[in-house]
Each structure stands twice: as structure tokens, then as C-alpha cells.
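Residue strings, one per chain:
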Amino acid sequence: MTVRRIRGWGLLAVPGILFLLVLFGWPLADMAILSLTEPSPANYSVFTESPVYLDAYVTTFIVAVVTTGACLLLGYPYAYVMHMGGRRPALVLGFFVLLPFWSSILVRTFAWSVWLQDSGIVNATLMGAGIIDEPLPLIRNALGTTIGMTHVLLPFMVLSLYAGMRRIDPDLARAALSLGASPLTAFRRVFLPLSMAGVYAGSLIVFVISLGFYLTPAVLGDPGRPLVGQLIVEQVNGQLELGVGSALGVVLLVATLAVIWAGTRLVDLRTVMGYDE
Amino acid sequence: MRDHGRGGYRPTRRQLLRGGLGGAALLGAPQLLAACGDPGKGAGGKAARVTFASNGGALQKAQEKAYLTPYMKANPQVKIVQDVGSTDYARIEAMVKSGNVTWDLVDVGGDFGTGEQEALLEPLDCNLIACTAGEGGSRYRVPLHRYASVMGYRTDKTPNPPKTWAEWFDLDAYPGKRAFFRVSGPTGIYESALLADGVPIDKLFPLDVDRAFRKLDTIRSSLIWAPSPTDTVRLLADGEVTLASVFSSQAHALAQDGAKIGVVWNEYGLGSDYLVIPKGAKNKDAAMKLAAYMTSAQNNAQLSNIYPVAPGHPNAKPDPSAPTYGFLPSGKGGTSFAYDSRYYADNQKMLARRLNEWLKK
Chain A
1 MTVRRIRGWG LLAVPGILFL LVLFGWPLAD MAILSLTEPS PANYSVFTES
51 PVYLDAYVTT FIVAVVTTGA CLLLGYPYAY VMHMGGRRPA LVLGFFVLLP
101 FWSSILVRTF AWSVWLQDSG IVNATLMGAG IIDEPLPLIR NALGTTIGMT
151 HVLLPFMVLS LYAGMRRIDP DLARAALSLG ASPLTAFRRV FLPLSMAGVY
201 AGSLIVFVIS LGFYLTPAVL GDPGRPLVGQ LIVEQVNGQL ELGVGSALGV
251 VLLVATLAVI WAGTRLVDLR TVMGYDE
Chain B
1 MRDHGRGGYR PTRRQLLRGG LGGAALLGAP QLLAACGDPG KGAGGKAARV
51 TFASNGGALQ KAQEKAYLTP YMKANPQVKI VQDVGSTDYA RIEAMVKSGN
101 VTWDLVDVGG DFGTGEQEAL LEPLDCNLIA CTAGEGGSRY RVPLHRYASV
151 MGYRTDKTPN PPKTWAEWFD LDAYPGKRAF FRVSGPTGIY ESALLADGVP
201 IDKLFPLDVD RAFRKLDTIR SSLIWAPSPT DTVRLLADGE VTLASVFSSQ
251 AHALAQDGAK IGVVWNEYGL GSDYLVIPKG AKNKDAAMKL AAYMTSAQNN
301 AQLSNIYPVA PGHPNAKPDP SAPTYGFLPS GKGGTSFAYD SRYYADNQKM
351 LARRLNEWLK K
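In order, the protein sequences belong to chains A and B.
In case it helps, this note's numbering puts the first sequence at residues 1 to 277.
In case it helps, this note's numbering puts the second sequence at residues 1 to 361.
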């Protein structure tokens, strides 16, 4: 039906598909080949040589889940106000959510270190006010990483949620109210279920981007618990081990696909893509 | 080890890409970047062109001023093009292996250019270039300049700074945190621990890594691992740490900006940067001549007069009246040791693994 009608227009997607194949598909295939041939499939044996690598995957996935959760908790109310507040607040809030995109991730991450370090603004203020005696451990641990990554990724969550909420017919909640539902019930039984498509889409995007983070955990995170991205950089740039770096990348890719696949057992991917009729 | 003694915070561009987009997809990028490069002109014609790659930031600006501009003035037929990212050794490897070499002369760290990496490099013309005059030089790499990792301290908070690494490791004498650059390469982590533990300065190599980590264990909870060399100095300037192991050049940069940071010239480590020519460089003859100019006894010290690194050539003499002189790792009293770049090249995998495992404990 819908699909058939747009067939002639499918040609428009060809440049995009070619672009992805050449600049994404080919390097990805190259990476998989490198992991097996540079010098040999023995690259994958790094996992048995040191517990550091496997642990990094566990840390990476935990951080990704926590970051996704934090983005959702902060992003949902934000997107809800954007959606419900009318045109002007939506514009203002939308502007502020996009603002971070215009400054470098490097600058933002270092700005966080200025806030969070022991002699930083937060700890200095709290200690100056006599609220705490010892600085709070806000940096060089999982908390620092999560704060920094949530800040970077929040826009992706908010925009996904907002896009999902805009698709919801406002009359449905009104209908619920006119049939005697309390505002809370109308939200819980009507709006929230309908907004789940945006929740899944935003969570998926934030989760997947989280898995490849490098800079934020390097600056704000626990040096003893590197994420996979940091180990890949160490292999490729530090030690010229393109093969081992590729192997780490392939495993991350496979693990990510496995998680997404497991996710689709719980959530229909078509919901995420917005094909729910 | 990557960003020794260098200018700005080097990983910016790369980290931006990796941070925002995820590392996996970008591992193929070096080949693509190489493929987009300028093919340059052959060295056969009269006009020559050399692509010089260094590490960007303050160091490369100083190199331009000290070497490249005077060279082009003296040799108007030569055009020097610059690129950055020279210590992304993966790029050199990718260029050579893909047969599309866009760099002719490259400033690399001491952890590159020995052993099997020689296969990625053109042999130098040692009649033209003083290949082996300086520390760690060979047929494949010529010493360009030397940097030092030293004890750094706050001049206002530590009026009586530690004179030895043993004192630096003494938490009773100097309470507070200490910063190291978190990298397994030649930046002094193991050497300072071994010196603090009583190993004679001329017996550091091969490193007793177990002993170094046992000594580091004693101050583990007081250590802060900085993500970049610049950060070791910044942590000092911010008052986040009391002491740090720093590169003297970066301490100099912040001290110039008014930070109250001093360095101790004793038991300091000396590492070198080298010039190499990637195998298959399109303008290797012109690159060879430029390398000879930059590393000669008479020209090599020009950089030291404007940027605080010591010459790689032992007979090159920096100007004692230059403002950088106090931070130069040459002509100082106190003891020093040279990082054994061959040892680091042979053991970098083991060192990286050991450091990761130790940090994880």
C-alpha cells in the first residue's frame, strides 16, 4: 500500500544509500577483515589475556544503561513541557536543548571537570558554606562519566521524545478527560502509552551512542574502569594494533546488535520507527 | 606515548569525532583521509614541495618559526606544506600500507620508528643527515628535540619542593594528591617509582615493573591520573593536586600565563622526538634536505630559543638569554636519565596491559 505508492521516489534515496555504503559500510567491512587478518584471528585472544577487556564491555554497557535512564528521567518532563506548553515555550526550550550542539564536546567536557573536581565550583561552594568537610567524589568515577555523557546526549533524547509526542492526537487526552478521567489517569492511561514510541526511539539512540564514547569517560571517568572506546583508541593510536582495535570494535558492534535484537523481543521495532498505525 | 612536551591539547579533533560518533565506524577513517590528501609534485622538477607533519599547537607554530620559514627563505624553490596529527602513528601505517603516502617528513615520539616499524620508513641519507649524533638516532630516525618529564609543584603552596622522587612519594612530608599522565609510554611513571624506591638512576632499564607498581601501591589513593599531559599541569594550577609529574614545556606554557608553577631539575627523564620519512614518501629527497637542515648542529637549537625543548643534536647550543632557558632540559644541574626508547618500543604492549590492570585493582 503505502510502500508501493512511493516506489518511484525510491531513487531519491540512492545517493544516501551510496554514501552510507562507501563511507560506512566499506570501512565497517574493512574493520571486520582487519580484525581477522592483521595479523591473524588471534587478535580476539586479547579477551583471554587480560580481564581488562571483558570488564570494559561490562562497564560500557552499564554506563550506557544508566546514561539512557538519566536522559529519560530528565528528558521526558522536559519534552512534555515543550509539547504541552504551546508554541513559545516549545521554541525557547527547543533552543536551549539545541544550544549545546553549537559548542564543542571537548569544551563542554572540560567545563564539567571545572565544576566537578575536588577544588571545583560545586565542592568549593559546598565546603565554603560549611555543608561538607571533604570534597564529594564527583569526578574520576562513574558519576562523573554519567553526568558528562547525560549532558552530551540529553538533546538526542529530548528531540526523539518531542517528535514522538507531537504525533499524539491531543483530542485523545481531552476525550479521556471529558469521559471523567482525572488528568493523572488521562496521562497514565492515554498519553504515556502513546508516547512510548518516542521513549523507545530516544532510548535506543542514546544507548547506542553511549557505547562509543571516548572523550567524556577519559576526562571525567574512573581511570581504572575505561570504556571500550578508550581501549580501542589505546590499541589503535597508542600501540598501532589495528587488528586488536578492530577486534574490540567488532565485538562491540556484535554485542550492540545482540542487545538491540534482545530489545526487539520486548519492543516492536516498528513502533520505534513510527510505523504503528 | 603521544603528547609529550607538546603544545595544546592534541587529541581534540580525534576525540571530537570519536566522542560524538562512536569509535567503531571511524576506524577506517585514516585511509579515507589519506586518500583525500594532496598528491604533491615529484621531486624531479626544480620546484620542490615537502609536506611536514607535526603535532599541531604551540610546538608546531614554534617549529614553523624556527625552521620552516627560514628554510623557505633560504630555498625559495621549496614549498613546505604542513599537516598535523603526526603522532597518530596509525595514520602513518595506513598511508604506507595503502600506498598513498601524503606526508614527507614527520615529527614522531620516541616510541615510534624502531624495530619492526622501520619497515614503514625510508632509510635516511646519513651522509647528509647526522642520523646518530643524538640520543636514540638511527638510519630510520634522526633526533629532533628533547623533552623532559620533571617534578612540578606550586610555587606558592610548596615553598620547599621535593628534591628527589623519594621525597615526592613521601605522603607525610608532602600531604595531598599527586598527578601522573595516564599513559603507559615514556612519561616517567615507572622510573619515578623506581627512583623513589632506591634504584640507581643508571640502572633503571630494563624496568623492574613489579617493583615500580609495588612502590606506586604505597601512594595509590593519593594519585590522580590525568587524561592528557596538559592536564597534569592544569591540575596543579587548579590546586587539585600538590605535586605532579609534568613535561617542563607545558609547565612553562602555564607559568607564562601566570600560573605559579615551578619544576625541579633533579632525577628528570629525557625523551626525544624524531624526524622520520614514511616509506614511499613522494618528495623524499626534498624531505631529506629539510631534515638535514632542521637537525644540524647549527640550526637545531633555533627551536629551543622560542619553545622550551632541548636540541636533539648534542652540539646545538641554545641561547642562555632566551626566556625559555629556565625550562629547557639542558645545561641544568641535577641528575637525569634518558628514556630507553627501544625498551619502550619492545615492551609497550606489556606496559599498557600492566598499567590497565594495576589501575583496575
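Possibly wrong hints are sitting among the right ones.
[As the list claims (entries may be wrong)] If we take Cβ atoms under 8 angstroms as the criterion, some of the chain A residues that face chain B in the derived model are:
#1 Ser50
#2 Val52
#3 Gln117
#4 Glu134
#5 Leu136
#6 Arg140
#7 Ala142
#8 Val219
#9 Arg225
#10 Glu234
#11 Val236
#12 Asn237
#13 Gln239
#14 Leu240
FYI, nobody ran anything at the bench for these hints, they're computed from the structure.
Don't be surprised by glycine CBs; every beta carbon is placed ideally from N, CA and C.
Taking the hints in turn, this is what the structure says about them:
1. Ser50: The hint holds - Ser50/A has a Cβ within 8 angstroms of chain B, the shortest such distance being about 5 angstroms.
2. Val52: Nearest chain B Cβ about 4 angstroms off; hint holds.
3. Gln117: holds, 5 angstroms
4. Glu134: Result: violated, 13 angstroms to nearest chain B Cβ.
5. Leu136: Violated. Min distance 14 angstroms.
6. Arg140: holds, 7 angstroms
7. Ala142: This interface hint is violated because 14 angstroms lies over the 8 angstroms limit.
8. Val219: Check passed: Cβ of Val219/A comes within 5 angstroms of chain B, closer than 8 angstroms.
9. Arg225: holds, 7 angstroms
10. Glu234: holds, 6 angstroms
11. Val236: holds, 5 angstroms
12. Asn237: Since chain B brings a Cβ to about 5 angstroms from Asn237/A, closer than 8 angstroms, the hint holds.
13. Gln239: Result: holds, 6 angstroms to nearest chain B Cβ.
14. Leu240: Hint holds; Leu240/A Cβ to chain B Cβ min 5 angstroms, cut 8 angstroms.
The structure is inconsistent with the numbered hints 4, 5 and 7, although it conforms to all the rest.
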